[in-house]
Amino acid sequence: MTAAKPKTWLARLLLALLMTVTLLPFLSMFTAALAPSGSYPNGLSWPADPQWSNFARAFEAANMGQLVLSSTLIVLGVVPVSVLAATMAGYGLAKLTGGRNRWIYLVFVAGLTLPFEAVITPLYYEVRAFGLLNTRFAIILPLIGLYMPFSVYWMRAHFLNVPNDLTEAAQLDGATRWKEFWLVQVPLARPAIMSLTILLFLWTWNQFLLPVVLVKDPSRRTMAGALGAFQGQWGTDVPLLCAGSLLILAPTVLLFLAFQRHFVAALLQGSVKG
Amino acid sequence: MTDGTPLTDARPRALRLLPTGRSRRARYTAILFVLPAFTAYAVFVLAPLIMSLYYSTLRWDGIGKARFTGLANYVTVLTDPDLLSIIGNAFELVLYFTVIPVLLGLAVASAIRGHMAGTFGTLTRTVLFLPQVIPLVAAGIAWSWMFASTGLVNQMLTAVGLADWTRGWLGDFDFALPAVGIIGAWVLLGLCTMLLVTGITKIDPSLYEAARLDGARPWHEFRYVTLPGLRQEIGVCVTVTVISALASFDIVYIATGGGPGITTMVPGLEIYRLAFAHRQVGLASALAIVLMVLVLIAITPVQWYAREKK
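For the record, the sequence lines run as chains A and B. Note that UniProt numbering gives residue 20 to position 20 of the first sequence, counting from 1, and the numbers run on in steps of one. Note that UniProt numbering gives residue 268 to position 268 of the second sequence, counting from 1, and the numbers run on in steps of one.
Hints listed in this document are in silico derivations from the structure and should not be mistaken for laboratory results. For clarity, every value in this text was computed on a predicted model and none was experimentally measured. Where is the CB? At the ideal position from N, CA and C, for every residue including glycine. Some clues are possibly wrong.
What the hints assert, rightly or not - Each pair of labels, with its calculated beta carbon distance range: (1) A:H262 - B:K65: 49 to 55 Å; (2) A:V184 - B:K202: 27 to 33 Å; (3) A:R190 - B:L78: 44 to 50 Å; (4) B:L78 - A:Y125: 21 to 27 Å; (5) A:Y125 - B:P178: 53 to 59 Å.
Chain B with its partners taken away, still in its complex shape (with noise of 0.2 Å):
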């Protein structure tokens, strides 16, 4: 939200006043504080990051001798169809999880402009974070219900007459992935509306004001005002659905285990199979990695984004 980097220059001076032995006491000091943090980071963290390195250049059951086969594992994750089809499907999430929830949440924000304050502000905010607060394993199990083919939205499609549509859509070769990401969508949407709602009260009102002066139509307030004013809410928006989206575990895991077929499967989820079930540790933590790497790539455009102009 802040950014603290203007009171990061004035740290150096502040230390280099201070006569050497402090400085170096200082300096120790310092490390006291932040050694217990990184211990931990490094331990659980660093550490097991560094292994997945080396374990992807193995040949290793978990049980037996290694054997060492450098790039090949990566090979593999780069050119296998069913490998490559599985990434495919954690960007396909990505349409669901990030853009549905962006777009509604822009609408809704648009709409609103300005805060919501009152019982109803207050009813809306509780009833929309909801899906934040519960475990996405939750989410996962509900909406199986919900896409069960005695569920509501078969239900309701055969309500409005829509019958030949019923289906189970989570088992089913051509919707299941849509149905997935459709639950990611509706655990997202009620954070991504919020954060919109609340950054576009922070647009100086007097904005809109010129634009409607200046003759400007709904839909230049929305691209020259609205747009540029949210964009750093966008950018933390895409950003938290889109690593979502890549790394999803939990939904997938509940919801389809990653059927039918492989339509579902994700990397998460992938890894999780081959390093426990298939025993093929190596070629796991080589998507381990490429899935890290990934994400990284994914994100890294979105960050310039936000932080441009501002």
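Bound conformation, chain A alone (with noise of 0.2 Å):
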């Protein structure tokens, strides 16, 4: 299709334009990594004698294993949950709640559009209140709370879609709904539930308003979270910031690479449905 059209070329330069733009930013900050530690490199120029050891410098001034596995464990404690409860109240409110019950759907859809900025002053002192300041679970709970507006309302839309005969099938009590859930629902909304944990977890591992509010120490904050903190502590080494960075951003840009499909239909569907 895209052959036959007169316009193609156009459309190709265009496109060719956007990904130089899109690229720009990382070429430049990958040859300025690679320049002297602590010199003013110029914008856009090969050095001369490329510094490879600053990614290894980096890496330990970052301490980037320590990042990862923090990142990890947020992670590990924010995405599994929260498509959980997600799963099963999406569930709930599409296929066994009636009409009457509709608020509180609406509720859930009412925090949408909440910026997080909005709870966070409350939070910092609800989070003291629990003693929980300055440990990973202070990050690890409230996103899973921030998370679902956006959750529910997209496991709910999926249920919808499913056929209710699947249900009516047999007149089911709780513990057989229960069995039904797990042997029905939750294989046939693979789909759903994978681009959810893609999203869950790239918000998660790039949340950074939350760490760097909650959680002082830089090893147990995210990803994000901590590369806020090397910029302050290195903020004048532009090679060392530039290294730094490039590592810090990259295990999701590998992860996207090897599964690209799969994260492109994500971001695609979960903008349109958010």
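Two chains, each in its own frame: build the complex with the hints.
Laid out in structure tokens, this is it:
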């Protein structure tokens, strides 16, 4: 279809331009990361003597091993619980409640556009009252709550499209409902669950506001939160900062490249539904 | 993407068919299914929101005794020139975060108007989505370097003979806010483009043929076929980008910290600064509530536009 269009070259030119603009900052960071540490490199210029060791130094300086571990722990704390709770709630709201309980769904949806900044101050005092300040739970628990509007909305939308005869085959009581949910509904919902998992993984891994406010120790933050601290510490050393930033953004980029198709699908659908 | 309303209507009927005892038990089961999600939501979103409303009526430093001041904090938010210009900054960012990605996305989509198949398509999708995958903080750092005095932007300006224009962009009183806006546009450009490119493939090609038979010019095609056909996708792009402009935090925190002066300060960052650096919890909370309401006010007409005639 594309080949038949006379305007193809124009489209390709535009796309190539867009891609260049998208890639330039990464390239510029990459060449700067190879300049001698502490120097002031130029925007985009291949250094005479590439200092690959900058990456090793940044790895040390940023405490990368610890950061990956911390981010992984936070993701493991947030994503499975959120996906499970949202899948159950999505099913419950789509299939089990009548019109009278629609308000519960509306209460969830009301949170869809809520900026995290709107609740960050009270969250700080709440988390402090729970005695969780400066622990990973300070990030994990609030995030689960904050993700619920989108996640529940997402899973409910999926379950609304599952034909009702699947559930009405048997008049079910609570216990068999539970079984039916796990044996029939969850397997059917796998694509929706997969996309939700990817989105929540990305949002958690890249979460910045909560770690900055609620956790002082960078080694207990998410990668993004730690990057903020790293910039504060090494901001004046451009090559090291660039090397560190590239390392810190590498894990999600590698995962994205490996599962490109799933990520693109999830991000496209995610924004459409959000 | 899909609207499930027709199916919702079927549900109550199904429930009415159940005997009453069963129906009560069914409701009980439903509550059990929803309870975990609702608890998390109530504890970490609804409760803090209510506390935000409560704090916003206080004069409180976060430690000592709080004093009830009614709506005084809201009056400050809506009259203080600094706070008003901070809110203004957020709306100015919308110009960059929303308008640039949507216009460029529309241009690309109408130029392609088809599936992006093959290796080139995959490559494009992959590259354009990169900014969506990395932390916003990383985008902020990358562009701080681009906009630095020895950065690529100045290097390119010098290369084309505009050396007079070079400056430290993020430290410039006039150009810092547009520079921050460009960062946001860069982050959101790929997402909007891909959404619109995907959306345009869903428009029935016969509409374009009919338009051409009627002698429509390219502009008319765009105006009467493409734009109405992309209504929903444009609505999504605008919604997502407006929210990320008004509630921006990460990029500004990293790239400028709100400076120079308050030229790039945005409500999100000001809430953080007021609450945790200046210990004005009440004022911070009032600003938080105002921000939340502003987002809602900005989004609602977009939602109407996107839903109409579906």
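Now the hints, each set against the structure:
{"no.": "1", "hint": "A:H262 - B:K65: 49 to 55 Å", "in the structure": "53 Å, holds"}
{"no.": "2", "hint": "A:V184 - B:K202: 27 to 33 Å", "in the structure": "31 Å, holds"}
{"no.": "3", "hint": "A:R190 - B:L78: 44 to 50 Å", "in the structure": "49 Å, holds"}
{"no.": "4", "hint": "B:L78 - A:Y125: 21 to 27 Å", "in the structure": "25 Å, holds"}
{"no.": "5", "hint": "A:Y125 - B:P178: 53 to 59 Å", "in the structure": "37 Å, violated"}
Violated hints amount to a single one, hint 5; each of the other numbered hints is respected by the structure.
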